[in-house]
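Please construct the entire structure, taking both the sequences and the accompanying hints into account.
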Amino acid sequence: MTQRGAAPDGRPPEIPPAAPMRTASLEQPSRRVHSVSGDGSDPLLRVNNIEVVYDHVILVLKGVSLEVPQGGIVALLGANGAGKSTTLKSISNLLRAERGDVTKGTIEFAGTRIEKMDPSRVVKSGVVQVMEGRRCFEHLTVEEDLLTGAHTRRDGRRAIKQDLERVYEYFPRLVARRSVKTGYISGGEQQMVAIGRALMVRPKLMLLDEPSMGLAPQLVQEIFGIITRMNREENVSILLAEQNVAQALKVAQYAYVLENGRIVLDGDAQTIQGNADIREFYLGLTEIGKKSYREVKYYRRRKRWLA
Amino acid sequence: MEEFLFFMEVLVSGLLQGFMYSVVALGFVLIIKSSGVFNFAQGSMCLFAALGMVSFWEAGIPFWLAVLLALLMMVVLAVAIERVVLRPLVARPPLILFMATIGLSFFLEGLAQGIWGTQPHGLDIGIPDRPFKGFPIDVSQFELFAAGVAILLVVGLVIFFHRTRIGRALRAVSDDHTAALSVGISLRMIWGVTWALAGMVALVAGILWGTRLGVQYSLTLIVLKALAVLILGGFNSITGAVVGGLIIGGSEKVAEVYLSLYFGLGGIESFFGYLLAMLVLFVRPYGLFGDEIIERV
Ligand SMILES: Nc1ncnc2c1ncn2[C@@H]1O[C@H](COP(=O)(O)OP(=O)(O)O)[C@@H](O)[C@H]1O
Ligand SMILES: [Mg+2]
Numbered sequence: 001m002t003q004r005g006a007a008p009d010g011r012p013p014e015i016p017p018a019a020p021m022r023t024a025s026l027e028q029p030s031r032r033v034h035s036v037s038g039d040g041s042d043p044l045l046r047v048n049n050i051e052v053v054y055d056h057v058i059l060v061l062k063g064v065s066l067e068v069p070q071g072g073i074v075a076l077l078g079a080n081g082a083g084k085s086t087t088l089k090s091i092s093n094l095l096r097a098e099r100g101d102v103t104k105g106t107i108e109f110a111g112t113r114i115e116k117m118d119p120s121r122v123v124k125s126g127v128v129q130v131m132e133g134r135r136c137f138e139h140l141t142v143e144e145d146l147l148t149g150a151h152t153r154r155d156g157r158r159a160i161k162q163d164l165e166r167v168y169e170y171f172p173r174l175v176a177r178r179s180v181k182t183g184y185i186s187g188g189e190q191q192m193v194a195i196g197r198a199l200m201v202r203p204k205l206m207l208l209d210e211p212s213m214g215l216a217p218q219l220v221q222e223i224f225g226i227i228t229r230m231n232r233e234e235n236v237s238i239l240l241a242e243q244n245v246a247q248a249l250k251v252a253q254y255a256y257v258l259e260n261g262r263i264v265l266d267g268d269a270q271t272i273q274g275n276a277d278i279r280e281f282y283l284g285l286t287e288i289g290k291k292s293y294r295e296v297k298y299y300r301r302r303k304r305w306l307a
Numbered sequence: 001m002e003e004f005l006f007f008m009e010v011l012v013s014g015l016l017q018g019f020m021y022s023v024v025a026l027g028f029v030l031i032i033k034s035s036g037v038f039n040f041a042q043g044s045m046c047l048f049a050a051l052g053m054v055s056f057w058e059a060g061i062p063f064w065l066a067v068l069l070a071l072l073m074m075v076v077l078a079v080a081i082e083r084v085v086l087r088p089l090v091a092r093p094p095l096i097l098f099m100a101t102i103g104l105s106f107f108l109e110g111l112a113q114g115i116w117g118t119q120p121h122g123l124d125i126g127i128p129d130r131p132f133k134g135f136p137i138d139v140s141q142f143e144l145f146a147a148g149v150a151i152l153l154v155v156g157l158v159i160f161f162h163r164t165r166i167g168r169a170l171r172a173v174s175d176d177h178t179a180a181l182s183v184g185i186s187l188r189m190i191w192g193v194t195w196a197l198a199g200m201v202a203l204v205a206g207i208l209w210g211t212r213l214g215v216q217y218s219l220t221l222i223v224l225k226a227l228a229v230l231i232l233g234g235f236n237s238i239t240g241a242v243v244g245g246l247i248i249g250g251s252e253k254v255a256e257v258y259l260s261l262y263f264g265l266g267g268i269e270s271f272f273g274y275l276l277a278m279l280v281l282f283v284r285p286y287g288l289f290g291d292e293i294i295e296r297v
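Line by line, the protein sequences give chains V and C. Here our numbering is used: the first residue of the first sequence is 1, the next is one more, and so on. Here our numbering is used: the first residue of the second sequence is 1, the next is one more, and so on.
These are calculated hints, taken from the structure and not from any lab test. Owing to the predicted nature of the structure, the values given are computational and were not obtained by experimental measurement. Incorrect hints may have been included.
Pulled from the structure, derived: some chain C residues nowhere near chain V, Cβ distances all over 12 Å [to be verified]:
#1 F56
#2 E58
#3 I125
#4 Y217
Listed below are several chain V residues computed to face chain C (Cβ distance under 8 Å; list not exhaustive) [said to hold, decoys possible]:
#5 A97
#6 R113
#7 K116
#8 M117
#9 P119
#10 Q129
#11 T141
We put the CB at the ideal spot given by N, CA and C, even for glycine.
Structure representation (structure tokens):
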């Protein structure tokens, strides 16, 4: 895939080199607005204080705000049931198909409000979600499945064919499987098809929902490697929902931690990695005795404050 | 030799009739593939389409134009069904959609009879339901024609499903409609297209069966035979609809003729298909050609 709207050197000029954190905002005293665009430019995606309700009554997200900067990789961490998938589905608007609704707040993509947009228009505007559990079309062949990603495109057969070859470059393993039905390929290959298919959309933003789920550690490494490569070479910004905190923090520049439908912590990847509670609860590195009491208290207090 | 020719005659006539069952079954398959719902209104759509076509023709519109107009009418109907019935029921359980098609069925029957009246219309498309002269066995010209139409229809549909962008999207929706949404396939468009296709198939079925039985209310009952075909062939397979139709058409005719000849049993034709379908159900619950449930690795 060729670079879109990028500078001749292949990198878009607006990517901030690092993502320092702004600490506070005055508009909303009760919570911080998390701005990761260090240089003050507008982020590609801005989720602003959204509330999500399923079936008209089940409140799942209770005011979630996050941002993805142009060209960045942002991780959305949290345990099972925290609301990661729900957050991604509200952005792609696949929520409606599961009888969910964004009842409060706004979602802006490249300056346009998208929270009420039809999913197919969201895709056309450049946002694609790779759903949890590598949902392939099991009776389609690998190649047909990949081509469904080009469904909304109108730039002609030639461009689509080129992108297909590009996907096979990223996932050489799929070449030999191109005419096998996706129902009969391995889990790792299915994940590759799911990501490759999303790449066929030519997205500006990819929402990845637990790509590591159920895969062997080596495959996880491989997939995450490809995610960073896509980010770099295709200029796709990425919002990565993961329970695999260690892996996610390796590739992301910035991370949000979601608990019970609320963001309880956010910061750049190193800061989050260093956080004692993250180390204990998510990374399984116990440091009892070494842990600073003040840090724990801060985290607990913050949790209570937001709860 | 005489015996054998007679057997062939019975068999071929049954197989040709089977093609006509297949056409009816195809309509169901299309809707099941796209929306996962058994369309109770398929028979009413046949009546609606055929009644419309006959009425246009009787009003003095040339045959092909009348067919074209009826086709257009079915497309408009499909769009209306998508807007009024399907869209508000998105993401509801299939049972609710099924009940909606029951409502739709009565609405269509009422509407058809309201506009075009209740009296039966004869339909003669100019192909005699008589055997060719000089053939070793008697084969009805009309049945041969109907089989040809059915084959054309199936070939057209298969090409559409496997060689076009929309067809591929349609198969994707049939596998996993949320995943299809996630790549930007519009369910509304897909539903509109499949209901229009099902309307087209209903028109063809309505004309073929209307020629044979007359265009009247009982046309809605042809779906009863299609049900056996669906159980036998599988609810979501085009191949299943064709092969199922042939098996049931052929075997029920042979059973009818020979069992009544040798055992004096009559009326077997009316239930033999179901008997066969039930036997298959025990062995292959998703039918002979239904999409297998692929066990995840
Ligand atoms: N379609 C739905 N209807 C009702 N509740 C749901 C639905 N989907 C998810 N939930 C609930 O929302 C919460 C968050 O789920 P989810 O977003 O899938 O979390 P995660 O992806 O972090 O595991 C869970 O408590 C879950 O039970
Ligand atoms: Mg999830």
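Going through the hints against the structure:
| no. | hint | result |
| --- | --- | --- |
| 1 | F56 | holds (36 Å) |
| 2 | E58 | holds (43 Å) |
| 3 | I125 | holds (37 Å) |
| 4 | Y217 | holds (38 Å) |
| 5 | A97 | holds (5 Å) |
| 6 | R113 | violated (18 Å) |
| 7 | K116 | violated (15 Å) |
| 8 | M117 | violated (11 Å) |
| 9 | P119 | holds (5 Å) |
| 10 | Q129 | holds (5 Å) |
| 11 | T141 | violated (10 Å) |
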